[in-house]
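K.L.:
Just so you know, the sequences run in chain order S and B.
Taking this note's numbering, the leading residue of the first sequence gets 1, the next gets one more, and so forth.
Taking this note's numbering, the leading residue of the second sequence gets 1, the next gets one more, and so forth.
Among the hints, a few may not be true.
[As the list claims (entries may be wrong)] Listed below are the simulated DSS-like cross-link pairs for lysine-lysine, each with C-alpha atoms no more than 30 angstroms apart in a straight line: (1) B:LYS66 with B:LYS13; (2) B:LYS66 with B:LYS83; (3) B:LYS13 with B:LYS83; (4) S:LYS108 with S:LYS47; (5) S:LYS47 with B:LYS45; (6) S:LYS17 with S:LYS47; (7) B:LYS83 with B:LYS45; (8) S:LYS108 with B:LYS77; (9) B:LYS13 with S:LYS17; (10) B:LYS45 with B:LYS13; (11) S:LYS47 with B:LYS83; (12) B:LYS45 with B:LYS66; (13) S:LYS17 with B:LYS66; (14) B:LYS77 with B:LYS66; (15) S:LYS17 with B:LYS45.
Note that these hints are calculated values from the structure, not bench results.
Here are the chains, one letter per residue:
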Amino acid sequence: QSVLTQPPSVSGAPGQKVTISCTGSGSNIGAGFDVHWYQQLPGTAPKLIIYGNNNRPSGVPDRFSGSVSGTSASLAITGLQATDEADYYCQSYDSSLSDFVVFGGGTKLTVL
Amino acid sequence: QVQLQESGPGLVKPSHTLSLTCTVSGGSISSSRSSWNWIRQHPGKGLEWIGHIYNGGTTYYNPSLKSRLTLSLDTPKRQLSLKLISVTAADTAVYYCAKGGTDDAFHIWGLGTMVTVSA
């Protein structure tokens with residue numbers, strides 16, 4: 001059971017927009033800790049695609065964007081491409097028991 | 001550009017100690033603003049943060065692993081190390097090292113190394 005909750009899967013057709021949610025609580029996202037997002041292509045290491053809630057590292061297309069509201073965060077991907085098919089993970093910080101880093105359970109994005 | 005490379009035994013016997021090393025190239029590990037992290041991924045599962053260490057030696061561990069875990073840094077060798085005692089099959093996973101920024105995001109990852117715990 002992950003501290004941050006993500007839908008197991010989402011899907012969309014090429015060119016469409018998809019949104020992946022990441023639901024936390026008052027001890028992590030709701031406490032104001034930053035949310036970061038990672039993309040993991042099959043058989044590879046995760047790659048940071050959004051940091052600090054809504055910032056993109058150099059080289060990440062502006063089709064990827066992040067947002068936070070209350071105790072939840074979202075990753076939006078517009079202009080969906082076949083190469084976007086991957087697992088996506090959100091990450092934040094939790095202060096409930098002892099301060100530590102937490103991940104969402106991951107969401108599998110399928111491009112139809 | 002900083003690159004990370006994990007290394008270690010692919011197979012460890014139950015109840016034994018798992019030791020992994022991550023070698024940093026293309027940059028220093030002496031920055032006081034960076035954390036050096038270990039993260040693992042069980043087969044077919046999600047990511048689990050193991051712990052991190054700062055250049056000054058301060059460590060933070062996942063509470064679920066704290067009693068079995070030791071992280072260390074060898075600055076001259078530019079290596080970070082993980083030692084996990086009393087391993088079981090539940091420790092079978094791909095182990096990644098990653099460089100964390102001041103924002104706690106993992107900006108740079110190694111390729112990962114698969115560890116299987118089996119007799």
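K.L.:
All hints, please: hold or fail.
P.N.:
Hint-by-hint comparison with the structure:
1. B:LYS66 with B:LYS13: Holds - the C-alpha atoms of B:LYS13 and B:LYS66 are around 20 angstroms apart, at most 30 angstroms.
2. B:LYS66 with B:LYS83: Holds. B:LYS66 to B:LYS83 sits at ~11 angstroms (cutoff 30 angstroms).
3. B:LYS13 with B:LYS83: Answer holds: B:LYS13 to B:LYS83 is near 14 angstroms, not above 30 angstroms.
4. S:LYS108 with S:LYS47: 15 angstroms, holds
5. S:LYS47 with B:LYS45: Holds. S:LYS47 to B:LYS45 sits at ~16 angstroms (cutoff 30 angstroms).
6. S:LYS17 with S:LYS47: 21 angstroms, holds
7. B:LYS83 with B:LYS45: 22 angstroms, holds
8. S:LYS108 with B:LYS77: Violated, because 38 angstroms separates the two Cα atoms, which is more than 30 angstroms.
9. B:LYS13 with S:LYS17: 47 angstroms, violated
10. B:LYS45 with B:LYS13: Given that 30 angstroms is the threshold and the Cα spacing comes to 22 angstroms, the pair holds.
11. S:LYS47 with B:LYS83: 25 angstroms, holds
12. B:LYS45 with B:LYS66: Holds, at roughly 21 angstroms.
13. S:LYS17 with B:LYS66: 41 angstroms, violated
14. B:LYS77 with B:LYS66: Answer holds: B:LYS77 to B:LYS66 is near 25 angstroms, not above 30 angstroms.
15. S:LYS17 with B:LYS45: 26 angstroms, holds
Violated hints, in rising order: 8, 9, 13; the structure is consistent with all others.
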